[in-house]
Amino acid sequence: MRTGHYVESYEKQLALTTNPVTWAWTGALLLGLALFPLLVGNYLLSVAITVGIAAIGAIGLNLLTGITGLISLGQAGFLAAGCYTTALLVADYGWPPELALLAAGFVSALLSLVIGVPSLRLKGLYLAITTLAFSFIITHFLLYAEALTHGPYGVRVENLRFLGLDLTQLDQLFWLVLAVLVLTVLAALNLLRTRVGRAFTAIRDHDVAARVMGISLTRYKLAAFMVSSFVVGIAGGLMAFQFRFINVDLFNLLISIEALAMIIVGGLGSVAGSILGAVFIVLLPEAVRALTDLLPAALTEMLSTYVYEVRGLLTGLAIIVMLRIEPHGLIGLWRDAKRYWTHWPLSV
Amino acid sequence: MELFLNFLASGLVIGSIYGLIAIGFAVIFKTTGVLNFAQGEVMMLVAYVSWSLATELDLPLVLLIPLVVVAAAAIGALLERIFIRPMLGEPVFAIIMVTIGLAVTLRSVIVLIWGADAAAFDVPLKGGLIEIGPVVLFTEQLFAIVLFLVVALAIFLFFRFTRIGTAMRATAQDETTALLMGVDVKRISMLAWAIAAVVSGLAGIAFAMMISRAPDMWFLGLRAFPATILGGLDAPLGSGLGGLLIGVIGDLSEGYIGQGLKEISGFVVIIVILMVRPYGLFGQRELERV
Chain Y
1 MRTGHYVESY EKQLALTTNP VTWAWTGALL LGLALFPLLV GNYLLSVAIT
51 VGIAAIGAIG LNLLTGITGL ISLGQAGFLA AGCYTTALLV ADYGWPPELA
101 LLAAGFVSAL LSLVIGVPSL RLKGLYLAIT TLAFSFIITH FLLYAEALTH
151 GPYGVRVENL RFLGLDLTQL DQLFWLVLAV LVLTVLAALN LLRTRVGRAF
201 TAIRDHDVAA RVMGISLTRY KLAAFMVSSF VVGIAGGLMA FQFRFINVDL
251 FNLLISIEAL AMIIVGGLGS VAGSILGAVF IVLLPEAVRA LTDLLPAALT
301 EMLSTYVYEV RGLLTGLAII VMLRIEPHGL IGLWRDAKRY WTHWPLSV
Chain V
1 MELFLNFLAS GLVIGSIYGL IAIGFAVIFK TTGVLNFAQG EVMMLVAYVS
51 WSLATELDLP LVLLIPLVVV AAAAIGALLE RIFIRPMLGE PVFAIIMVTI
101 GLAVTLRSVI VLIWGADAAA FDVPLKGGLI EIGPVVLFTE QLFAIVLFLV
151 VALAIFLFFR FTRIGTAMRA TAQDETTALL MGVDVKRISM LAWAIAAVVS
201 GLAGIAFAMM ISRAPDMWFL GLRAFPATIL GGLDAPLGSG LGGLLIGVIG
251 DLSEGYIGQG LKEISGFVVI IVILMVRPYG LFGQRELERV
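Protein chains in written order, with the UniProt record's numbering: chain Y, 1 to 348; chain V, 1 to 290.
In isolation and in its complexed conformation, chain Y is listed as follows:
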């Protein structure tokens, strides 16, 4: 345990961490992740890409739900908006993928204003329902505005070259996702330590008190909506690169619920927690699949017939169990474990 740790200047206070050990570990982790594609096969790599994109989306949602306290059930809608923006701009309008990915963020952020403005008056439950309704309206629009979105036929994206990377190759796509994830993490961590981030937290903890302290609820709630859906939109854009053939069915209600499950399981309001949660929720069905070899044949067959149901079941149970036993999520467990370790043998 570190002792004699004093912060003596504002620069140090604002720094991400003053601990060189943390930097070393982070560097090692990043290096390991960057070398990941060289070590594993295509299947694990595609799972890793899914985890990465899910983590970006979860960070986005956590900014809104975990940090600002505005519950959103509309994750699927924003993902869909981002995904379709990128796919359509690349496929139909010939935009370079770099710009199309950014556009996904901006379109999603603009859309969030449409939902954000009416929901300024609403809290908790009502907001959850509005965002839910919004996501249904988006997918409905995507399905029926056939002239713009190809409707039920879906969109195929081809020839993806991104800053010299060939995105049809899994390893290169992985590097792009990793880079975006790192940028998102840095942006989120830095945002949280600025005036804006603290305003978000203040709104979550007590909106009236926040207002009394001079935080404009209108401005900061809308900002939270926009920042969050920008990030989620980018995640959606990356999904277009990952799947290369997209249709509306990708963006069902389960996606929104899984996203909520990620931040609840990982830890509400924590960036690291979002990543842990994304890893957990994406890997859970994979782990079950890996374990099925050990199970009786009848059960194996059932699990392979009802993949989607098993996924739903695991997500649902993860939410319920986590809320019951550890409301702070995996990151809370990690902090507890760390505290136990450093204080041992005096820990309780």
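It is worth saying that the hints were derived from the structure and are not from the lab. C-beta: ideal position from N, C-alpha, C; glycine also. Keep in mind that the hints are not guaranteed to be accurate.
Which residues of chain V face chain Y? A partial, calculated answer using Cβ under 10 Å [what the hints assert, rightly or not]:
{"hint": "1", "residue": "E2"}
{"hint": "2", "residue": "T55"}
{"hint": "3", "residue": "D58"}
{"hint": "4", "residue": "F83"}
{"hint": "5", "residue": "P91"}
{"hint": "6", "residue": "M97"}
{"hint": "7", "residue": "A103"}
{"hint": "8", "residue": "S108"}
{"hint": "9", "residue": "I110"}
{"hint": "10", "residue": "P215"}
{"hint": "11", "residue": "P278"}
{"hint": "12", "residue": "L281"}
Take the given structure of chain Y and dock chain V to it, following the hints.
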């Protein structure tokens, strides 16, 4: 005009289903302040259980319904006891998230038990077509409307005149005072879940008899959200009426404006209502505001 009346009638039929589910939402919300996102799934579970009862026992409808009511009440109470009671005292956000988790779980469990195929719900109610003026309805459709009217009346009488109903209203108004007056608040929450399961479960049966019992029935629960938002989350009867309105709006907009609007019109209504009158048409105006 004839077309309009037929749209109106089919809207009222599906609206009755929405209305019943919406009453379920409102009963739980009014007494516990929790919006049960799993209401559609509870409805589906009851419908599946009654389907099994109906096919196994081959009962007439008159005997089936009381059996279903008992089964549904047991299901509702059990779910509350297992999943909601332990969360008592946690923030509402956590409880709502539990109901969302419960929704996905139930949905999957039902498919794992009964399989992913739809099945006809054959109950001896095949009276064929009934003509009311220019409107033609199936017996099952008329049954849905009648069921809605009966249940709505029963709910009204229950909350107005019975001792337990009054206790539930008292709990809704002020939990602590109700506790001091000797109301067993914990049991009230369980009772609310049981009643909601019965009411929406009946909707499930009516729907399954009209179409079939199928693994996508839970979606009716989401379609009933607009109804309860429109009618007022804390107004069971208002929510029921909201259901009728949403059903009619859906069918009319599908018929006159464009295809696919049936599914979506309700959600558009939600957004409009929440902007204009967030407490609904019949709800109390004391919505938590910023």
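For this session: Tell me if I110 of chain V is really an interface residue toward chain Y, meaning its C-beta lies closer than 10 Å to one of theirs.
Result: holds (9 Å)
Exercise. Given F83 of chain V as an interface hint, is the shortest Cβ-Cβ distance to chain Y below 10 Å?
Worked result: holds (6 Å)
Exercise. Holds or violated: is there a CB of chain Y closer than 10 Å to the CB of P215 of chain V?
Worked result: holds (9 Å)
Problem set entry | Residue hint E2 of chain V, partner chain Y, criterion CB-CB below 10 Å | Because about 28 Å separates E2 of chain V from the closest Cβ in chain Y, which is outside the 10 Å limit, the hint is violated.
Problem set entry | chain Y contact restraint on L281 of chain V - CB to CB distance below 10 Å | violated (15 Å)
Problem set entry | Residue hint P278 of chain V, partner chain Y, criterion CB-CB below 10 Å | With Cβ-Cβ at 6 Å, under 10 Å, it holds.
Problem set entry | Restraint satisfaction for P91 of chain V [CB to CB of chain Y, less than 10 Å] | holds (9 Å)
For this session: Return the status of the interface hint for A103 of chain V: holds when the least beta-carbon distance to chain Y is below 10 Å, violated otherwise.
Result: holds (7 Å)
Exercise. Given M97 of chain V was flagged as interface, is its beta-carbon under 10 Å from a beta-carbon of chain Y?
Worked result: holds (6 Å)
For this session: Using Cβ atoms only, decide whether S108 of chain V comes closer than 10 Å to chain Y, and label the hint accordingly.
Result: holds (4 Å)
Problem set entry | Status of the hint placing D58 of chain V at chain Y (closest C-beta pair under 10 Å) | This hint is violated: D58 of chain V lies away from chain Y, its Cβ roughly 29 Å from the closest one there, beyond 10 Å.
Problem set entry | chain Y contact restraint on T55 of chain V - CB to CB distance below 10 Å | violated (22 Å)
Violated hints for the displayed structure, listed by number in ascending order: 1, 2, 3, 12.
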